[in-house]
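*Asks:* Given chain A's structure and the hints, the job is docking chain B onto it.
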Amino acid sequence: MDISFDAIPLAHYLLLSATLFVIGVMGVLMRRNAIVVFMSIEIMLNAVNISLISFDRYLNQHDGQIFSFMVMCVAAAEVSVGLAIIIALFRNKPTVNLDEFNIMKS
Amino acid sequence: MELLIFYPLAGLCVIFALGVVFNKNPIGSAMSLIAMMLGLAGIFVLQQAHFIAILQIIIYAGAIMVLFMFVIMLLNLKGDDAVWKKREKNTLLTVLTGLLIAGVLYKVLEITSAGEFDSPAHVLETFGTVREVGTILFTEFVLPFEVASILLLVAMIGAVVLAKSKVD
Chain A
28 MDISFDAIPL AHYLLLSATL FVIGVMGVLM RRNAIVVFMS IEIMLNAVNI
78 SLISFDRYLN QHDGQIFSFM VMCVAAAEVS VGLAIIIALF RNKPTVNLDE
128 FNIMKS
Chain B
5 MELLIFYPLA GLCVIFALGV VFNKNPIGSA MSLIAMMLGL AGIFVLQQAH
55 FIAILQIIIY AGAIMVLFMF VIMLLNLKGD DAVWKKREKN TLLTVLTGLL
105 IAGVLYKVLE ITSAGEFDSP AHVLETFGTV REVGTILFTE FVLPFEVASI
155 LLLVAMIGAV VLAKSKVD
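Chains A and B are the protein sequences, given in the same order.
Residue numbers for the first sequence follow this note's numbering, beginning at 28 and rising by one.
Residue numbers for the second sequence follow this note's numbering, beginning at 5 and rising by one.
This is chain A alone, in the form it adopts within the complex (with noise of 0.2 Å):
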């Protein structure tokens, strides 16, 4: 069976995708505690698995979600390694502010 009622355009998915990013760089950017940004980046990632997804529907291929298999497969690494360095640093210092955190400097 075709999926046959009427579609919308790949640019509409893109749009979205485009939008999630954008807010996420926003959080980065403008948020100061550790773990928002963390989810900020969460965000991103997210943002970046609807275009993979929809370029594989629109091209019939399954690359893309193989692809955004391997990016959730980052994002959980890049989450327990990143909440357990917070977890150190909070120990040394018990704030999440990234601005107090410039113990490399000096």
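Simulated from the structure, these hints should not be mistaken for lab results.
There is no bait here: all hints are sound.
Calculated lysine-lysine pairs in the DSS-like style (CA-CA distance at most 27 Å, straight line):
| no. | chain 1 | residue 1 | chain 2 | residue 2 |
| --- | --- | --- | --- | --- |
| 1 | B | 168 | A | 120 |
| 2 | A | 120 | A | 132 |
| 3 | A | 120 | B | 28 |
| 4 | B | 168 | A | 132 |
*Replies:* Just chain B now, with coordinates in the frame of chain A:
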């Protein structure tokens, strides 16, 4: 028909993504992020990527967000970020990023309005099912799959080592 499903889901995703950025309470941000993940899973289903949609819910909305919740509650961050403000230092950077992304977006719209991408390709009923994706994952992409397992192992060891020892 697809539009009628797409626009509410997309609107919800954008609203909850904004909620992540503008919420003053980290717990509220995490809740918004979970809602956004669920909306995105709906969009993936709309794109016939059922396997990825399920993974999105299990891995992101399940595992990763539980980890976030654990850390937020462990650190007891309530109200820590109450007086966050826009960073004046980053204004130039923000404008440059916006211009860059607008340029990329313009180019992408130019390419995708070429006609080939007006409507989705005719796909089989099995497109995006676990069987289909799994077959490709274990034949054509078996090396990246194994490398991903090593990556997860290294991340696990790294997280244990980092969380155990003290930073001097």
